[in-house]
Structure formats: structure tokens, C-alpha cells
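Given next are the chains, with one letter for each unit.
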Amino acid sequence: MKPLSITNYTFTSCLGVGKQANWEAIQAGRSGLQPCDFYQIQDLVTWVGKVSGLEQPLPAEFSKYECRNNRLAWLALQQDNFITSAQSAIARYGAERVGVFLGTSTSGIHQTELAYIESLDPLPEWYHYASTHNAFSVADFVQHALGTQGPAMVISTACSSSAKVFASAYRAIANGLCDAVVVGGVDSLCLTTLYGFNALQLVAPDKCKPFDINRNGISIGEAGGYALLEKGVSGDFALLGYGESGDAYHMSSPHPEGEGALLAMQAALHKASLNPTDIDYINLHGTGTIANDAAESKAVNTLFGANTWASSTKGWTGHTLGAAGIVEASIGLLSMAHSHIPQNLHLETRDPNMAIALVEQPHRQPVKRILSNSFGFGGSNCSLILGMQQ
Amino acid sequence: MTNAAIKSRVKMDSVYLEAVGLAAPGLLSWKASLPILAGIQSYEPIALDKYKPTQLPPNEARRATELVRLAFRVAEDLMSNTTTPMGDCANVFSSSGGDYIIVDQICRSLCEPERLVSPTQFHNSVHNSAAGYWSIATGSRLPSSSLSAYEDSFCMGLLEAISLCQTEQLPTLLVVYDIKPPYPMSAKRVVPLEFGVAFLLSPTPRARAIAQLQLSALGADVAESVASGELETIRLANPAARSLPLLELLARKQSGNIVLSNRNHNSYQLEITGC
Numbered sequence: 001m002k003p004l005s006i007t008n009y010t011f012t013s014c015l016g017v018g019k020q021a022n023w024e025a026i027q028a029g030r031s032g033l034q035p036c037d038f039y040q041i042q043d044l045v046t047w048v049g050k051v052s053g054l055e056q057p058l059p060a061e062f063s064k065y066e067c068r069n070n071r072l073a074w075l076a077l078q079q080d081n082f083i084t085s086a087q088s089a090i091a092r093y094g095a096e097r098v099g100v101f102l103g104t105s106t107s108g109i110h111q112t113e114l115a116y117i118e119s120l121d122p123l124p125e126w127y128h129y130a131s132t133h134n135a136f137s138v139a140d141f142v143q144h145a146l147g148t149q150g151p152a153m154v155i156s157t158a159c160s161s162s163a164k165v166f167a168s169a170y171r172a173i174a175n176g177l178c179d180a181v182v183v184g185g186v187d188s189l190c191l192t193t194l195y196g197f198n199a200l201q202l203v204a205p206d207k208c209k210p211f212d213i214n215r216n217g218i219s220i221g222e223a224g225g226y227a228l229l230e231k232g233v234s235g236d237f238a239l240l241g242y243g244e245s246g247d248a249y250h251m252s253s254p255h256p257e258g259e260g261a262l263l264a265m266q267a268a269l270h271k272a273s274l275n276p277t278d279i280d281y282i283n284l285h286g287t288g289t290i291a292n293d294a295a296e297s298k299a300v301n302t303l304f305g306a307n308t309w310a311s312s313t314k315g316w317t318g319h320t321l322g323a324a325g326i327v328e329a330s331i332g333l334l335s336m337a338h339s340h341i342p343q344n345l346h347l348e349t350r351d352p353n354m355a356i357a358l359v360e361q362p363h364r365q366p367v368k369r370i371l372s373n374s375f376g377f378g379g380s381n382c383s384l385i386l387g388m389q390q
Numbered sequence: 001m002t003n004a005a006i007k008s009r010v011k012m013d014s015v016y017l018e019a020v021g022l023a024a025p026g027l028l029s030w031k032a033s034l035p036i037l038a039g040i041q042s043y044e045p046i047a048l049d050k051y052k053p054t055q056l057p058p059n060e061a062r063r064a065t066e067l068v069r070l071a072f073r074v075a076e077d078l079m080s081n082t083t084t085p086m087g088d089c090a091n092v093f094s095s096s097g098g099d100y101i102i103v104d105q106i107c108r109s110l111c112e113p114e115r116l117v118s119p120t121q122f123h124n125s126v127h128n129s130a131a132g133y134w135s136i137a138t139g140s141r142l143p144s145s146s147l148s149a150y151e152d153s154f155c156m157g158l159l160e161a162i163s164l165c166q167t168e169q170l171p172t173l174l175v176v177y178d179i180k181p182p183y184p185m186s187a188k189r190v191v192p193l194e195f196g197v198a199f200l201l202s203p204t205p206r207a208r209a210i211a212q213l214q215l216s217a218l219g220a221d222v223a224e225s226v227a228s229g230e231l232e233t234i235r236l237a238n239p240a241a242r243s244l245p246l247l248e249l250l251a252r253k254q255s256g257n258i259v260l261s262n263r264n265h266n267s268y269q270l271e272i273t274g275c
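Here the protein sequences come in this chain order: A and B.
At position 231 of the first sequence the residue is numbered 231 (the working numbering), and the sequence of numbers has no breaks.
At position 22 of the second sequence the residue is numbered 22 (the working numbering), and the sequence of numbers has no breaks.
Source of the hints: derived by calculation from the structure; they are not laboratory data.
In this text, a Cβ means the ideal position worked out from N, Cα and C, and glycines have one as well.
It is possible that some hints are incorrect.
Claimed, not checked - In silico negatives: residues of chain B with every beta carbon more than 10 Å from chain A:
#: 1; residue: 34
#: 2; residue: 35
#: 3; residue: 54
#: 4; residue: 66
#: 5; residue: 81
#: 6; residue: 82
#: 7; residue: 223
#: 8; residue: 224
What the hints assert, rightly or not - Estimated spans, in silico, between C-beta atoms of each pair:
#: 9; chain 1: A; residue 1: 87; chain 2: B; residue 2: 169; range: 31 to 41 Å
#: 10; chain 1: B; residue 1: 83; chain 2: A; residue 2: 232; range: 37 to 47 Å
#: 11; chain 1: B; residue 1: 208; chain 2: A; residue 2: 64; range: 45 to 55 Å
#: 12; chain 1: B; residue 1: 116; chain 2: A; residue 2: 352; range: 30 to 40 Å
#: 13; chain 1: A; residue 1: 64; chain 2: B; residue 2: 223; range: 19 to 29 Å
#: 14; chain 1: A; residue 1: 270; chain 2: B; residue 2: 119; range: 35 to 45 Å
Said to hold, decoys possible - List time: in silico DSS-like cross-link candidates among lysine-lysine, alpha-carbon distance up to 27 Å:
#: 15; chain 1: A; residue 1: 231; chain 2: B; residue 2: 11
#: 16; chain 1: B; residue 1: 11; chain 2: A; residue 2: 2
#: 17; chain 1: B; residue 1: 50; chain 2: B; residue 2: 180
#: 18; chain 1: A; residue 1: 64; chain 2: B; residue 2: 180
#: 19; chain 1: B; residue 1: 253; chain 2: B; residue 2: 11
#: 20; chain 1: A; residue 1: 64; chain 2: B; residue 2: 188
Just chain A, same shape as in the assembly (with noise of 0.2 Å):
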């Protein structure tokens, strides 16, 4: 496929707001985890990647998309010039040109929870479900935010979302509906993914630890995301190729083979016209469960041998559940404007099962191709692969 430019990027995490603040913390080798007061819950033990600052309101014209999903949406789009550039996109191609593609699992789903807390029959009066809990809010809040009149969607896949957004917003400028394309994703801590993770017994009672030995879940976190994808070659990077594929094999559980993430490498790979070779950093979705890990590892191995240096960046910010396809596509941007591999965090004693070339100390080198996975519940599986602009 035809490169498709990456005119702009910025995220916030745990590890702070905006791109400088998060490298910043990678290069310190700081993770951004923390033990869990998220709503002062007293009976979960566990860390999590929770963001600093939301505690500020949303401006008064945006006040029907106040919840805890849209101020990190609205924390995050703040920085990095983010807007400045959006708006440059709509003084080009004008407004109706430029769409707003973003990912989220829960959206603002905690405003829901504390409405129910607070009264179940009724609910309160300040409770408003479109503006907030709905998939679609966050992207509604950003439309209006940046003014753009494209097409506007949410795509919601549990933790592939804010990668397959690459992958819809491509297709929508190969098919002439837009010009450029807002992608990323929001996701922000609430109780269902906190408890409803515990339940299956995935969350970690400590800081996790992807493709450890003694690895024992995920750390949940929180993040928003946003990239400006645009026709025509400018900016520094590109999206150079995109895999989507279905495990068609367990709701909660990845294919013990890994055969889904296989498929979707394989289609990135494919869609970029490139060989495994010329990848030189893979971001692995390694969540920290025993079985993403393994089932991760063996498709890369299968892939990449051990010769291509991979790491998870989740012992950082968490897993960030729907926004962590933006996050480590943006951390995978950086790995090649810093030529700077980031370690896996966290790894004290690697599985031997793991036969992959794991980063284990931050390396020095140039970065000109990076590949990243997401996966999610439901088998849905996406990996991106970005590059430096020709």
C-alpha cells in the first residue's frame, strides 16, 4: 500500500502528559504504575497506570461531555500543538474532509457506575448517558472540540480499538470519503474493568511483568492518544502497512498458537511490502497474563526468529486497555525519533519459553521501522506498522 503520513501525534499516560513527559520517563527507566487508590477501593490489590490532572472540569461549552473519559480525552488533545494541527488539516481540506476515527473499550462507562452508586431508580438528573457513557461520546467531544465535519465513529474492540482506527481511517482516504483522518484512543480507569478483569483473575497483584517467569496479569491503566493521518507525503513518519485478523477461537482467551497474531503480522508485513527483516523494533501487546505472553511469543518467534529486537512497553503505563494501540504506536514514533529501543520493564528472569529477542536494557541504535500489536477480547487482533517517511 501507499504510505499514508503521519503529520502529527501526542499522548498522555501515567507517565505524564504529552510526548516529552512520557519519553522522558522511558529514558529514566521510571514506570508510571502506582498501587491502586482509584476510588479509594480497599479490597483489590493491585497497581495501576492512573493519570494525574483530571481532576480539572471541562471548559463550560463542553460541559455535557463531563466524565472522567473525556477530560483525559480533552487533557490529552491539548498538547503537543495536537489541535493547531487538526485545524491546519481543516483550513486545507476543509471541515466535511477531515474525520475523527477513535478506539475505546469502556468509554465513560465510571460516570454510569457512580449514577447507579448514587441512585438507581431514578437515576440522578446530572447523569447523561450519550455525552458520556455512549461508545461514541468521545469521538463527538473531539469532533466538536476540533470543529471537523467528516465522517466521525468509534470503533470499539476492547484492546485493539486504537489500533484498527489506523486501519478504517486508511480506508477511508484510499476510498476518497476524506483527506485526513483524526485517529487515537481514550480509555480512563473505572470499576467494571478493574473487578470484571479480577474476576478472570488476569489482574496482577503487583507491578506486571510481561514475558517474566513469574509474570501473574495485567496492571491496568489509563491513556488518550491522538494521531493526524493525511493523503500526500509530508511530516516525518507514515503508516506503511496494517493487519487485522480474528482468532475465531475464545472470548477472553488469545489462540494458544498465537495463529491470530501470526495472521496479523503477516498481514502488515504483507499490506507494507516488506520482510520480517526490515522491522527493526516490535512492540509487543504482552499484557503480563501467562497466556497472551505465550501465545505472543510463539507468533513472533515464528515471524521473527529471535532476531528482531522486541519489547512490552506495559510495565510503564500499564495496559491501557482500548487506548493502548495509540500509546505504543506514539512510544514506537519515538523509539525512531530518539533511535532509542525501550527496555521491557520489569523483567527480572525471562521465561525460557519465550524465544524472542527480548530487549532487556534500553539500546542506542537507529530505528526506521517499527511494528506494533494489539490484541483483544473477542480474538480481535491488530498490528501497525510505522516508518520513517521516505
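Position chain B against the provided structure of chain A, taking the given hints into account.
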């Protein structure tokens, strides 16, 4: 995909509609609804009975929620009208609100001191639950999207499905579906009746095509197409029912244009040419 595909143009390439599936009160299947949609028979609001998906293994069928059963009902109705194997199709599942019933149950559990969330309810709460079950049922490992655009979930689902069908050159199943929220959510999100619809699109004309579809952006503030008589009430009662003007043209075997709204901004025109 051709490298020349990225260019500025308002009309999307045509796709070819091969089969339809339908389920709503009084519209019990695509074939049974044809006389009603064609205006030959009057509409009667007959309730939908409980549906048991035929394609799911027994274990998964047991866990399938009302939302997943509605999606399967229309997708399986479509299967009865085509010979294209579903395992060879990409798919797009579009639902404005997803599983209101599961979300209600989870939020009720979170009001209890123990906050015990059922693992099955949790994995059923994802917006792509129907797509996940469908992939298990059909064995399809092809690309699959699950999306919401609130009231515009039919129009944006159609846009994504046409885009996927054309760019990846794959037959593509589009399923658009919404159930009724339970109380107390029903006071905050009004969806008076359930409605599901499925379309099978092909990137190339094949012998079994019913119609050629072409979507284009129209600009702001063009009035939406309405449905006939009592069906207009249904069209407004569920985001998936915004498909009714299209279904009526198909049932009448007529060519024509319909306007779909992107609520706040652009409208889209769908051009339907009978095959």
C-alpha cells in the same frame, strides 16, 4: 489494494448487495417482511420470540446475550438468502449502544459491597461481543470491525463496510443492531424497540447481486429520507432502523437515491441501482 487508490473524490466505488437479513417486531425475517416493506401488506407489531443461534457451539450459545442473539438472528437470516460461505467474509458490526442489559447488570453488581462482577458478563460487555462470537461460529479470521456512531450507527457502519469491502476486495457482512435498554437506563437512553439488519456486500458484480450501492457525501443539512406510513415510527425508534428507506426500495425492486444523515454535519447519499 491499488497504490493509486488514494485520491480525492467524493463518491465511493460501488459495491454489490447480495443478501439481506432482518429482524424487528412485525418484521420477522427479510423474506417475511417483503410484502410489508413493499406496501402490499399492512404492518402488525408482532413481538420477536426468543431466538437460539444455530451457528454457535452449545457452550457459546448458552452464554450468548440478548444482544448477541439479535445480531446472530439477522446474520443467520441473511445466510438463508445466500450461498456465500460466511467464513470467507470480512465483517462490520455496528451498534449504537452495545449491550445495555449486561452493562446494567454489571453496574448493579458494583453497587453491592462485594462488587462481584461475573467473568462471563465482563467478557460479554465488550462492544465487539457479537463479532467475537461470530468469528468463533464461522471460523472467519478475516478483518472485523465493531463500531458505534450513536444515532448514525447505520450510516457509519455502511461507510466502514463499503470501505472495507472495496479496499480489501473481500465480501463483507454488515450487521447493524440495537436492543432496548432496561430500566433505569431506559429513562436516559430511549430505544423503544429492538431492530437488527444485515447486508452482504461484494466488491465485484456477481450473478446473485440484488442491487448496486454507491455512497457519497452530500454536504450539510440535507433532509433525511423517511419510511412509509407506520414504518416511519419504527425508523425513528432505533438507530439500526434508519436502514428502512433502503429496505423499502429493495423490497419494491426499485432504483433510487436515499439520504442518510450524519446527525451533526454531513449527510450522505446512497444510490441504489437494481441489478
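Hint check results:
1. Every CB of chain A is more than 10 Å from the CB of residue 34 (chain B) (nearest about 31 Å), matching its label as outside the interface.
2. Every C-beta of chain A lies more than 10 Å from that of residue 35 (chain B), the closest at about 34 Å, which supports listing it as non-interface.
3. With a least beta-carbon separation of about 17 Å from chain A, residue 54 (chain B) lies farther than 10 Å from that chain, consistent with its non-interface assignment.
4. Listed as a non-interface residue, residue 66 (chain B) keeps its Cβ farther than 10 Å from every Cβ of chain A; the least gap is roughly 16 Å.
5. Non-interface call for residue 81 (chain B) relative to chain A: holds, since the shortest CB-CB distance, roughly 23 Å, exceeds 10 Å.
6. Against chain A, the non-interface label of residue 82 (chain B) holds: every CB pair exceeds 10 Å, the least being about 20 Å.
7. The claim that residue 223 (chain B) is not at the interface with chain A holds, since no C-beta of that chain comes within 10 Å of its own (minimum 17 Å).
8. Every CB of chain A lies more than 10 Å from the CB of residue 224 (chain B), the least distance being 16 Å, so the non-interface label holds.
9. The hinted range of 31 to 41 Å is satisfied by residue 87 (chain A) and residue 169 (chain B), whose Cβ atoms lie roughly 35 Å apart.
10. Range check, residue 83 (chain B) to residue 232 (chain A): about 43 Å between beta-carbon atoms, so the 37 to 47 Å window is met.
11. Our hint of 45 to 55 Å for residue 208 (chain B) and residue 64 (chain A) holds, since their Cβ atoms are close to 47 Å apart.
12. Under the hint 30 to 40 Å, the C-beta atoms of residue 116 (chain B) and residue 352 (chain A), about 37 Å apart, fit the expected range.
13. For the pair residue 64 (chain A) and residue 223 (chain B), the beta carbons lie near 26 Å from each other, so the given range of 19 to 29 Å is met.
14. A hinted range of 35 to 45 Å holds for the C-beta pair residue 270 (chain A) and residue 119 (chain B), which are about 36 Å apart.
15. Of the pairs offered as hints, the one joining residue 231 (chain A) and residue 11 (chain B) holds, with about 17 Å between alpha carbons and a cut-off of 27 Å not exceeded.
16. For the given pair, residue 11 (chain B) sits about 20 Å from residue 2 (chain A) by alpha-carbon distance, which is consistent with the 27 Å threshold.
17. Among the hinted pairs, residue 50 (chain B) with residue 180 (chain B) is consistent with the structure: their alpha-carbon atoms are about 14 Å apart, no more than 27 Å.
18. With a CA separation close to 23 Å, the supplied pair residue 64 (chain A) and residue 180 (chain B) stays within the 27 Å bound.
19. With a CA separation close to 23 Å, the supplied pair residue 253 (chain B) and residue 11 (chain B) stays within the 27 Å bound.
20. Our distance criterion of 27 Å between C-alpha atoms is met by residue 64 (chain A) and residue 188 (chain B), whose separation comes to about 14 Å.
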